[in-house]
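Listed below are the residues making up each chain.
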Amino acid sequence: MNIETRIEGTKTLLTVTGRMDALSAPAFEAACVDLLEKGHMTLVANLAGLEYISSAGLRSILGAAKKLKSAGGSLSFCGLCGMVDEVFRVSGFLKLFKVHASLAQALEE
Amino acid sequence: MKLSLAVRLSALILACTTIIFTLVVGYAYVVSRETIVDLARQNGAALAQATANRINAQFLATAKVTDTVAATLEDADLSQSFLVDLGRRILASNPGIFGTATAFEPQAFTRDQTYFAPYSYRQDSRITSTSLGSEGYNYFAKDWYQLARELNKPIWTEPYYDEGGGDTLMITYSAPFSRRTPRDLQTAGVVTADIDLAWLQKLVSSVQVFSSGYVFLLSRYGAYIAHPDPELIMNETIFTHAEDLGLDTLRNLGREMVTGKAGFSEFSDLPGVGEAYVSYLPLPEERWSLGVVLPKAELLAGVNRVTHVMTGIGLAGFTVLAVVILLLSASITRPLRALTRAARDISTGDLDQELPALGRSDEVGELAASFFSMKASLKAHIASLTAATAARERIESELRIARDIQMGILPKIFPPFPQRPEIDVFATILPAREVGGDLYDFFFLDENRFCFLIGDVSGKGVPAAFFMAVTKTLIKVVAEREPDPGRILAKVNDDLATDNESCMFVTLFLAILDTRDGQVVYANAGHNPPLLLRGGRPPAWIESLEEPMAGAMPEVEYGTGSLKMTAGDTIFLHTDGVGEAMNTHQALFSDARLLETAAIQAGSSATDLIRAVSYAVTNWADGAEQSDDITMLAVRYLGHEKRS
Amino acid sequence: MKIALLTILLSLALCPPAWAKNQRLVLHWLPQAQFAGYLMAEEKGFYAARGVNLTIIPGGPDVGSARMLEEGRADFATMFLSTAVARRGEGMDVVHIGQIVHQSALMLVARTDSDIRRLEDLDGRRVGMWGPDFQIQPRALFQRLGIEVQVVEQAPSMDLFMRGGLDAVSAMWYNEYHTLMSYGLEEGDMRTFFFRDLELNFPEDGLYCLRDTFDRDPAAAQAVALATLDGWAYVFAHPEEALEMIIRRMKGHKIKANRAHQRWMLSRMRDIIEAGNPALRLALTREDYEHAARILREQGFIQTTPGYEDFVMESSP
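Chains as they are written, first to last, in my numbering: chain A, 1 to 109; chain B, 110 to 753; chain C, 754 to 1070.
So here's chain A without its partners, still in its complex pose (with noise of 0.2 Å):
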């Protein structure tokens, strides 16, 4: 799995690549604890290269979530596609997090 940052104004954009399993996982998780303690709040994440996303990967992602929700800031998602779109609607994702229409609209918001 690649995780590509970029900061675009006061959102800093993360664009993960390939595989979110259990073995990859806690790298997401430790990248946005890593950008929450350099003072990155507001986290974007574009998952249009995500191929696959496993139950650690959820679990890694709210563990995310929930550190950066304690600390005022804040995880939102673009980009959902195929299987990672499916996975984020049953397991309730979609309920809890921010889902933007598109990347574009991600970093306006």
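In case anyone wonders, no lab produced these hints; they're calculated from the structure.
Beta carbons are placed, not taken as given, at the ideal position from N, Cα and C, and that holds for glycine.
It is possible that some hints are incorrect.
Unchecked claim - Here are the computed lysine-lysine pairs in the DSS-like style, where the Cα-Cα straight-line distance is at most 25 Å: (1) A/K69 / B/K521; (2) C/K797 / B/K311; (3) B/K311 / C/K1004; (4) A/K67 / B/K600; (5) A/K98 / B/K600; (6) B/K311 / C/K1007; (7) B/K585 / B/K673; (8) B/K600 / B/K581; (9) C/K1009 / C/K755; (10) A/K95 / B/K600; (11) B/K569 / A/K67; (12) A/K95 / A/K69.
Claimed, not checked - A partial selection of chain B residues facing chain A, derived with a Cβ cut-off under 7 Å: (13) S238; (14) Y246; (15) G635; (16) E655; (17) E656.
Given chain A, work out where chains B and C should sit, using these hints.
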């Protein structure tokens, strides 16, 4: 036989050097010997030849003179005075000749004289003349006359002692002479020249052959003419000598020499010398033979001495070598033995043994240093291992306790409500090796409402077990106050999410069955959908409402679903361990197979259903390790009528 | 005074004084093992033990034992039987008192690598012989075989034979035969003809004295003969000691001597003295005597031979 390294090393090296040294010395000795013997052969032959030449020269001169005289007598005018004068003149001009005679055949000089032999010889420093031949001295039968006469050619006689009674050894050259008669040439007598052999014996005895070697001379019949042992001279022939001593080797030498052969032989027991070589050659003029005796001991003295010295050096060298090797190998084996002892101590667990300090920088020192560091890291490793083992054991014991507690709080008695015939409940949990977070529960909220639930805490270990216990308890507490499953879950979620620093989440499915009419209300927080088995219809999933697992974020709203069970319907709850059970080829049991299995069990009791699924999963796994808990809860509604 | 003189003369005549028994025995050649018995008997005092004070006179080329006996320069002598008979024929009244050698040691030797294979092959060939005494047996042989040989007088050295100048040579089995061996000839190199095998087995060495000597004191003659046998018996029982004695004597006479030759001679003397019977005896049998006498007559060596009783004394006690 266990030999120490030092002894083996010494033995091997010494054996090799011994072999090499022996080969070298042996070869040198053999080659030197051969060379010396070869040289001796050449020198012996040269010496013999030189001596022979000197003897021959004298004899040839004498023979020549006598032959000349015999020739001149053929035509000379013979008178007594002429002959006597002739004799004297021969002596005068030939100092080597001792005496000379001109002996005539019977009646050959004068018809009335049988014997006529004027003879001149040296006496003191004068030349004396006399006449041979009388009744008492029949010279015709004497060898000096008879041999030349009968064989009709010049001859050398065998040596003899002077009849004058002296000890002088003599030899005579005798040449027949002829006289011309009107008819032919007739043998008229013999001319002789006597030679005294004293000079010859002195010559031979003066030849130096080492200090115990010598030259000896044999006559044509092997009689000793010259020899260092005077007893042998003229008393013995080489054959009687051999016969007396019983030496066949000497007899053979005699035969060789007497038959005029030249050669070089080896003897092991030559009388008076012992081991020796003999170089021999013939003196053809008078058919004598000459032998040079070269004593082996003296011949090889030099070589033997050198060999002895070399051997001595070798032996001394060996001793030094042996000592050095022993010391060197001891210096290796001593520290090795010390290290061996230390190793043995360490192997008994005594890591505090002090290693022997060797203070060396070679391979042995390196070995000791490695030993030292090995011991140190062994010690550290064992310490950490012990600590880790202790820690693990602690954890494992805690885990066991956790597991026990966890299992303890799940309802395990079946049938749980025998007095309530409306429902048939069975549940089972197949725990994985690691302590997991699966939970289930069922209880009556009141007389008519039966609550049952299943859940799966994310993660493993003690935290999961603890969280599971907390969740189960929380649900029970909330469900007793709140009738709506959706709201129950919302409340449970809020409580869990608020104090949840450790990010533990739990999926839940909660349902409440009204036993009066079979109405079921349910809510689902991220849990895999249960199966509804209705009689006559294929099993169907109870659709999820797509709501998140509990404990993540607070203030999440959960919806409530509802359905109606008729008698004989079963709701089958399970955790994802069922579908995700892997066999040895890492293929999943899968929901499809679950469906199949459940379909077959349509109409079965809860127990049978669960047992069938359980069996199917176990069969599927086929010995592969179970990674997750497999939890199943089946609730079968039997209808209100049964209760009476 | 005259009575005293007469008494002395009478007693001198009646009692034979000790010095009268000082006898002399002359040997017929130089000292060698051939005479070991006599020399040993003298050394060991066997003659004296038997009451005879005997001195031995060695023989040699200048000493004819028979002549010395005849001239009275010796009382007893050793000689060949044929020599004694010949002397008798010449008028010397010599009598036989003991036969020592009972078998002839005379032989003819040819080389095996020559063409002489049988005695008949010697016809017309050169044969070496010694003086007349030694020619009787060969001449008798050749006459019997009907062959004629060239007789060549041979020197003691055997040199002419060795050099090929003779086709056959005379030899004594105990002496010249071994001389040839001492020149390197092996027994296989020599073809031998023994007269003892050719019906010419003349007994040889014997003891003799003049008849007068015997008549005067037969006991002494017998003593000499018996003591001689004692000597020979001792020699055969102690051969090494005998050898030592012989060598010593020979060296004393400056005669060429070597052990091997003397050892051979001693062994052969034993063969011809015992002649198949280890019991030593002095008797010359009538048969042997008359056989020899007949040959001597036939060869013209002697015209008439004395009768056995007239010649051989030891048969009469």
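* Hey, does the B/E655 contact hint survive, CB to chain A under 7 Å? -> At about 5 Å, which falls below the 7 Å cut-off, the nearest Cβ of chain A leaves the hint on B/E655 intact, so it holds.
* Does A/K67 pair with B/K600 here, judged by a C-alpha cut-off of 25 Å? -> Cα-Cα ~21 Å, so holds.
* Asked: Can the restraint linking B/K600 and B/K581 be considered satisfied, given a maximum Cα separation of 25 Å?
  -> holds, 13 Å
* To do: Take the C-alpha atoms of B/K569 and A/K67, compute the straight-line distance between them, and say whether it is at most 25 Å.
  => holds, 21 Å
* When the least beta-carbon distance from B/Y246 to chain A is tested against 7 Å, hint result -> Check failed: Cβ of B/Y246 comes no nearer than 146 Å to chain A, outside 7 Å.
* Asked: Between B/K311 and C/K1007, is the straight-line Cα distance small enough, at 25 Å or below?
  -> Holds, at roughly 22 Å.
* Asked: For the pair supplied as a hint, A/K95 and A/K69, is the alpha-carbon distance within the 25 Å limit?
  -> holds, 16 Å
* **Hinted contact B/E656 with chain A - closest CB pair below 7 Å** => holds, 4 Å
* **Distance restraint between C/K1009 and C/K755, which requires alpha-carbon spacing of 25 Å or less** => Status violated; Cα separation ~59 Å.
* To do: Have a go at the B/S238 hint: is there a Cβ in chain A nearer than 7 Å to its own Cβ?
  => This interface hint is violated because 148 Å lies over the 7 Å limit.
* Asked: Does B/K600 lie within 25 Å of A/K98 when you go C-alpha to C-alpha?
  -> holds, 22 Å
* Starting from A/K95, check that the Cα of B/K600 is at most 25 Å away, please. => holds, 17 Å
Checked against the numbered hints given earlier, the structure breaks hints 1, 2, 9, 13 and 14 and satisfies all the rest.
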